[in-house]
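All chains, full assembly: derive it from the sequences and hints.
Those sequence lines, one after another, are chains A and B. Taking the numbering used here, the leading residue of the first sequence gets -10, the next gets one more, and so forth. Taking the numbering used here, the leading residue of the second sequence gets -10, the next gets one more, and so forth.
Honestly, the hints are just simulated from the structure, not real lab data. Careful: at least some of the hints might be erroneous.
Stated by the list, open to error - The calculated EDC-like cross-link candidates involving lysine to aspartate or glutamate, where the alpha carbons are at most 16 Å apart (straight line), are: (1) A/71 - A/92; (2) A/421 - B/47; (3) A/421 - B/271; (4) B/398 - A/508; (5) B/421 - A/47; (6) A/437 - A/296; (7) A/429 - B/46; (8) A/232 - A/208; (9) A/512 - B/339; (10) B/512 - A/508; (11) A/267 - A/436; (12) B/364 - B/339; (13) B/437 - B/299.
There are 2 protein chains.
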Amino acid sequence: MSTTEPVLIAGRWRDADATSTFQATDPNRSEPIENRFPVSSWADCDEALSAAVVAFEEMRTLPRETIAAFLERYADRLDAAKERLVERAYAETGLAKSPRLSDVELPRTSGQLRKAAAAARSGDWAMPTIDTRGGLRSCFRSLGPVCVLGPNNFPFAFNSVSGGDFAAAIAAGNPVIAKANSSHPGTSQLLAEEAAEAARETGMPEAAVQLIYRTSHEDGERLVADPRIGATGYTGSRTAGLKLKAAADRAGKPIYLELSSVNPVVVTPGALRERGEKIADEYVTSALMGSGQFCTNPGILVLPASDDAERFIATLAERYGATAPGTLLSPGVAKSLSEAIEVLQAAGAEVLTGGGPAETGRCAVPNTLLRTTAKKFLGDPERFQTEAFGNASLIVVATDTVQMVEVIKALEGNLTGCIYAAAEGEEQDYAKLAYALEPKVGRLLNDKMPTGVAVSPAMNHGGPYPSTGHPGFTAVGIPASLVRFGKLTCFDQVPNQRLPELLRDANPTGSTWRYIDGEWTQKSL
Amino acid sequence: MSTTEPVLIAGRWRDADATSTFQATDPNRSEPIENRFPVSSWADCDEALSAAVVAFEEMRTLPRETIAAFLERYADRLDAAKERLVERAYAETGLAKSPRLSDVELPRTSGQLRKAAAAARSGDWAMPTIDTRGGLRSCFRSLGPVCVLGPNNFPFAFNSVSGGDFAAAIAAGNPVIAKANSSHPGTSQLLAEEAAEAARETGMPEAAVQLIYRTSHEDGERLVADPRIGATGYTGSRTAGLKLKAAADRAGKPIYLELSSVNPVVVTPGALRERGEKIADEYVTSALMGSGQFCTNPGILVLPASDDAERFIATLAERYGATAPGTLLSPGVAKSLSEAIEVLQAAGAEVLTGGGPAETGRCAVPNTLLRTTAKKFLGDPERFQTEAFGNASLIVVATDTVQMVEVIKALEGNLTGCIYAAAEGEEQDYAKLAYALEPKVGRLLNDKMPTGVAVSPAMNHGGPYPSTGHPGFTAVGIPASLVRFGKLTCFDQVPNQRLPELLRDANPTGSTWRYIDGEWTQKSL
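Written as structure tokens, this is what we have:
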């Protein structure tokens, strides 16, 4: 077959203006999947941008209900198309069909869309704020076309055309230009087909959802900096993300990035003594789940030197060695992982189990556990924090709690940080560790591994640079994730009938939360 | 006198490590004021940064009450020192002692500090969010040392050591490194003396407030990008601001900028007919107030061609000509204003009144009114949007409402936009104009001039790029302005006693607003 798959631009599936084509790889066989996808030229991006502007203008006047209905209809269609979607995602990513793709990720994805629909409907996310005496009313309003670039590791839940950024951007009233992740273009295509149908069925503007698969790096940077763009959401590698950030920053365009994170896990002496075996179990499960390919995968384990620690490490090494390595998402991931392991070894880390080159025949690397001392780590913290994305972890053994704190202080910004402590008697140590760790992470966990990012209003899937581009925003959690794609707007002495519905005297739904004269209330004025 | 004024670093007033010195100018005489201020070397910045880190660590464990008490004590001290402060600010800025400095700006400044104190005390700004079922609790936490660079036009209310950014950064729990504006270093020094005393009296860390006066451009860029910095707040010229933005962006450091804005005022045919005279009065008052040196000074007036418009323009020209031009803030402002007027003339605008070079003897430029057609404007919108900071305005005459919309669409991002319409019968025109204007501005006003930025929770003193660096944040308005200096942090399964007070089961004040399980409430759990 030599046909090239179509792009979705301005409401229709059409041939791309392609500079070349590419194929996804089946990571279980390390062989290309037959469908050919286009690398779009700037002409495709340009047309998508112009169509997105038209869609945005239409969306500005749509009832919130239309947007909510679209998101719900799309969610229903995804649930109905589960089998097909899971087959394709499995072929392109090697992630387990069940429970992962079918029973966890797809339901999460449709669930996110439904929560985003509820947020669009209620308008709570926009934080309507009214000062009756001053005649001032403000809220977040839609911002403009949002470009979403999704990661390789969640073909549904963070997909640029169905995931968290997509749902947040649409619910906030913005059209999305989705750039598929090159490792699962076919899955993205199927998703976009459902999105386009749902849009048609619910009366959304034609170009509310558009899909291209790939561009040159140069065109990607041009895209996020284009005057027609409102903002960009990106999840992926630090290198590519920082290039996009530089381009968007220069143009004064907001860009929200979720980049690398090694997600430190800190275990106190008491916790090791009290329940080392149990913690080891939890660690192995979390660290090797999905072959370790989670943004919040625990990658660095900080332990205090002791016999308990040695037993703990031996247990981990044994479990790592005894567990069959999972398939990685792509040849690129396998290569990067092998390289990262080499960097850690070159820095002075000792391989306890695993290491060595990637398998041939499928995308996989042995489960790898490395070890170093806090002293060595502190001598070259940057190299020791090289993200080994996949099924590899680094253990850092410190002499005592004081040195553990030093290691924590040398950490870069991370999405998460975990502390395991004894049930009693370690509050002072906990306080010292937590005090050092909290400024370094977006989410601080106690006695729990970081994988599993609940879609909750109280979630923060974010963190200090370089784990993200800004410490004040979360990519997961509704309504907070929508704010990223909103423009704060104040209406000063604007009469009631001219105000956006969210800011009029009457509560727009009867139950929208608004901040009126210093009180949060669901009342009308 | 040849002594050089001291800087405030690490809790003490000491000689700067100066590379050179500078003097402020009395704009009423165009002569230097005797006090010499140091241009600090990097060594001063470096020491301030390290001291700020120590202060930040202390502030992380301070009761919110201590921070609130400091802000209130500082406000009281400012009110008590009014006479001295006003004298110095008058000498350095030429702004009227009364009502401007004494009766408006100083009370606003101490009022802002008190509102910030209330916000620090209640904790509302941090948006504590609790998901009881998920065991997740999140809120904004203090971020780290904040560098504040204030503008020339508000020696008190936006001063880097007493203004809105200062109050917001401190109330959010962060120490401030203030860089004085070079046009009023003496005022900044007096303010910092009061701040330092208030800090001492209330038990704040030594380096919670630090002051330097000036650095090289290179050191300024290094400062905002330093790893020890949490964020930067900047108000000032676009050129300097964008250089700082580039430096901070490269380092992944948040920087909040308030840059240039021409604040368009749009008047409909009906409004001109109905009350042209009254609107002309309002315009002249707003545009020439403080010699037009407000961030929200109305700089572009968009009118529909008609006899009413000609009468309106004639009235404006007459009033501009008949009003004595005020003193400008500095020789630099006078020079920039003359240059901007020349740029507008070179672009094709006709001078109706004023124009010409700056006065000699004091910093002043004739009140200047320019005029052009929408057609010309649309041919070179960038040049016609040159900000003429001061007592100059550009009138753009369009053929009709359709062309007025075209002019609006060609506008850059602005802090404000105003529409004056007839009391009745123009809703359709209003809707078209407002629909075009809203995405271009942070605040949309009806039948009201933009000067006067109320400190209200519903205020937005922000706007799309390039009026600011991000469309989602406000620099004025409490509690929202504090969020800029916060770090979102989630606590996952963290037991009650280990949580920050704002997130514990018991409501921390009995009346703090928290978002618990989807409801805003003041209750305890």
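For each hint, the structure was consulted:
At most 16 Å may separate the alpha-carbon atoms for a hinted pair to count; residue 71 of chain A and residue 92 of chain A meet this at roughly 10 Å. A hinted pair counts as satisfied when its Cα atoms are at most 16 Å apart, and residue 421 of chain A with residue 47 of chain B qualifies at roughly 14 Å. Note on residue 421 of chain A and residue 271 of chain B: the hinted pairing is violated, with a Cα-Cα distance of about 60 Å set against a maximum of 16 Å. Between residue 398 of chain B and residue 508 of chain A, the direct Cα distance comes to roughly 37 Å. Violation of the 16 Å bound is thereby established for this hinted pair.
Straight-line distance between C-alpha atoms of residue 421 of chain B and residue 47 of chain A comes to about 14 Å, which keeps the hinted pair within the 16 Å bound. The hinted pair formed by residue 437 of chain A and residue 296 of chain A fails the criterion: a straight-line CA distance of about 23 Å is larger than 16 Å. Between the alpha carbons of residue 429 of chain A and residue 46 of chain B the distance comes to roughly 13 Å, so the proposed pair stays at or under 16 Å and holds. Between residue 232 of chain A and residue 208 of chain A the alpha-carbon distance is near 12 Å, which keeps this suggested pair within the 16 Å criterion.
A hinted pair counts as satisfied when its Cα atoms are at most 16 Å apart, and residue 512 of chain A with residue 339 of chain B does not qualify at roughly 53 Å. Among the hinted pairs, residue 512 of chain B with residue 508 of chain A is consistent with the structure: their alpha-carbon atoms are about 13 Å apart, no more than 16 Å. Of the supplied pair hints, the one linking residue 267 of chain A and residue 436 of chain A holds, its CA atoms being roughly 11 Å apart against a limit of 16 Å. A distance of roughly 14 Å separates the Cα atoms of residue 364 of chain B and residue 339 of chain B; the hinted pair therefore holds under the 16 Å criterion.
Restraint check for residue 437 of chain B and residue 299 of chain B: the C-alpha separation of about 21 Å exceeds 16 Å, so the hint is violated.
The structure is inconsistent with the numbered hints 3, 4, 6, 9 and 13, although it conforms to all the rest.
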